[in-house]
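Student: Sequence:
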Amino acid sequence: MYEMTKKLRVGDDVKALIPQAVIAGLWDRLKAMRKEKLLIDSTMAVMFSDDYEDDKIFFMTLQKSGSFNNEYEMAYDGSKNFLGHGTIVIIKDRPKTIQMSISAANKQTDEDSEDNADKPSDSETTD
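Under numbering that gives the first Met the number 0, the letters of the sequence shown match residues 0 to 126, in that order.
Incorrect hints may have been included.
Claimed, not checked - Distance condition first, Cα-Cα at most 20 Å in a straight line; then the derived SDA-like pairs of lysine to any residue: (1) K55 x K36; (2) K34 x P18; (3) K14 x N69; (4) K63 x L16; (5) K30 x A104; (6) K6 x E52; (7) K36 x R93; (8) K91 x M32; (9) K14 x S64; (10) K34 x K106; (11) K79 x F57; (12) K106 x D76; (13) K79 x K63; (14) K91 x F58.
Quick caveat, the hints were computed from the structure, so don't treat them as lab data.
No experiment lies behind these values; they were computed from the predicted model shown.
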């Protein structure tokens, strides 16, 4: 599982939200988890903490519907504007690739926000 010789794919949705240095850090963490024999499911979720320091960010990995989780920190001193939005990155082990994408739950939330943006607010409607 998670053979690092497979092609590593990063979805455009991830590239649009997450800085490249953080994406690279997630791949490095995945490699370390494989070496430490901590990968027990073909799907893993990565949730970012809202807390950070100038030179590091914090995240949690979840496997088996959250019953197996680990907390990590990553050295990172770039822009932190991607934090605080509840973004969840999903990493899936496929037969020929390992794929990184944004959670369907995040996509649904974005769609709901866009739908609500088109609707007039209570203050804009008249009776």
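Student: Hint by hint, say whether it matches the structure.
Tutor: Now for the hints, and whether the structure bears them out:
For the hint linking K55 to K36, the alpha-carbon distance of about 25 Å lies beyond 20 Å, and the restraint is violated. A distance of roughly 25 Å separates the Cα atoms of K34 and P18; the hinted pair therefore is violated under the 20 Å criterion. Note on K14 and N69: the hinted pairing is violated, with a Cα-Cα distance of about 24 Å set against a maximum of 20 Å. Restraint check: the Cα-Cα separation between K63 and L16 comes to about 25 Å, which exceeds 20 Å; the hinted pair is violated.
Of the supplied pair hints, the one linking K30 and A104 is violated, its CA atoms being roughly 26 Å apart against a limit of 20 Å. About 32 Å separates the Cα atoms of K6 and E52, which puts this hinted pair outside 20 Å; it is violated. For the suggested pair K36 and R93, the alpha carbons sit about 18 Å apart, so the restraint of at most 20 Å is met. Only pairs whose Cα atoms come within 20 Å are accepted, and K91 paired with M32 is accepted, the gap being roughly 14 Å.
Only pairs whose Cα atoms come within 20 Å are accepted, and K14 paired with S64 is rejected, the gap being roughly 25 Å. Distance restraint check for K34 and K106: the Cα-Cα separation of roughly 32 Å exceeds the 20 Å cut-off, and the hinted pair is therefore not satisfied. At roughly 11 Å between alpha-carbon atoms, K79 and F57 fall within 20 Å of each other, so this suggested pair holds. Of the supplied pair hints, the one linking K106 and D76 is violated, its CA atoms being roughly 27 Å apart against a limit of 20 Å.
Restraint check: the Cα-Cα separation between K79 and K63 comes to about 28 Å, which exceeds 20 Å; the hinted pair is violated. Taking the CA atoms of K91 and F58, the gap is about 17 Å. The hint holds against a cut of 20 Å.
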